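**Q** Sequence:
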Amino acid sequence: QATKIEKVGVAEAIRDGQRFLKVRPTDRPVRLVTHAQHLSAPAVEKDYRLYSSQLLGGRLSMMYKTKPCPEIMRIWNAAEYHCLKWGRGDDEGVGADSNSGE
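In the numbering used here, the protein residues as written are 920 to 1021.
None of these hints come from the bench; they were simulated from the model.
Quick caveat: nothing in here was measured; it's all calculated off a predicted structure.
Mixed in with the good hints, there may be bad ones.
[Unchecked claim] Simulated pairs of lysine-lysine, DSS-like, Cα-Cα distance not exceeding 27 Å:
#1 Lys965 with Lys923
#2 Lys926 with Lys941
#3 Lys941 with Lys923
#4 Lys926 with Lys965
[As the list claims (entries may be wrong)] Pairwise CB distance ranges, derived in the manner of DEER restraints:
#5 Gly928 with Pro989: 14 to 20 Å
#6 Val942 with Tyr1000: 28 to 34 Å
#7 Tyr1000 with Thr945: 25 to 31 Å
#8 Leu940 with Trp995: 17 to 23 Å
#9 Glu999 with Lys941: 28 to 34 Å
#10 Glu999 with Lys926: 18 to 24 Å
#11 Cys988 with Val942: 25 to 31 Å
#12 Glu999 with Arg947: 15 to 21 Å
#13 Asp935 with Tyr1000: 21 to 27 Å
#14 Leu975 with Gly928: 19 to 25 Å
#15 Gly976 with Lys923: 19 to 25 Å
Every residue, glycine too, gets a C-beta built ideally from N, C-alpha and C.
Whenever a hint applies, use it, and build me the whole structure from the sequences.
**A** Shown next, in the form of structure tokens:
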């Protein structure tokens, strides 16, 4: 979804989640991600590359921490992968070297 956020913005991604929740209001993963996107919107609107780090920075762990569902763990793992990849300075972005602790 980071690609969608890059192309159309976080507000459109939030609207997609809200539309989906009108049809399936009890979908925990979609509800959590939509809520996380809403909380992260100010930072992500400035720089879409912050999306993954915003999710890892506590947004996904705010709810359901004691009983994570598999869908959220897949999102968590994907966000972690992208943050670490950016941390190595790969093509997707730049950041601190996760291996050196800087």
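**Q** Now tell me if each hint is right for this structure.
**A** Structure-based check of all given hints:
| no. | hint | verdict |
| --- | --- | --- |
| 1 | Lys965 with Lys923 | 15 Å, holds |
| 2 | Lys926 with Lys941 | 24 Å, holds |
| 3 | Lys941 with Lys923 | 21 Å, holds |
| 4 | Lys926 with Lys965 | 13 Å, holds |
| 5 | Gly928 with Pro989: 14 to 20 Å | 28 Å, violated |
| 6 | Val942 with Tyr1000: 28 to 34 Å | 30 Å, holds |
| 7 | Tyr1000 with Thr945: 25 to 31 Å | 28 Å, holds |
| 8 | Leu940 with Trp995: 17 to 23 Å | 20 Å, holds |
| 9 | Glu999 with Lys941: 28 to 34 Å | 30 Å, holds |
| 10 | Glu999 with Lys926: 18 to 24 Å | 23 Å, holds |
| 11 | Cys988 with Val942: 25 to 31 Å | 19 Å, violated |
| 12 | Glu999 with Arg947: 15 to 21 Å | 20 Å, holds |
| 13 | Asp935 with Tyr1000: 21 to 27 Å | 22 Å, holds |
| 14 | Leu975 with Gly928: 19 to 25 Å | 21 Å, holds |
| 15 | Gly976 with Lys923: 19 to 25 Å | 20 Å, holds |
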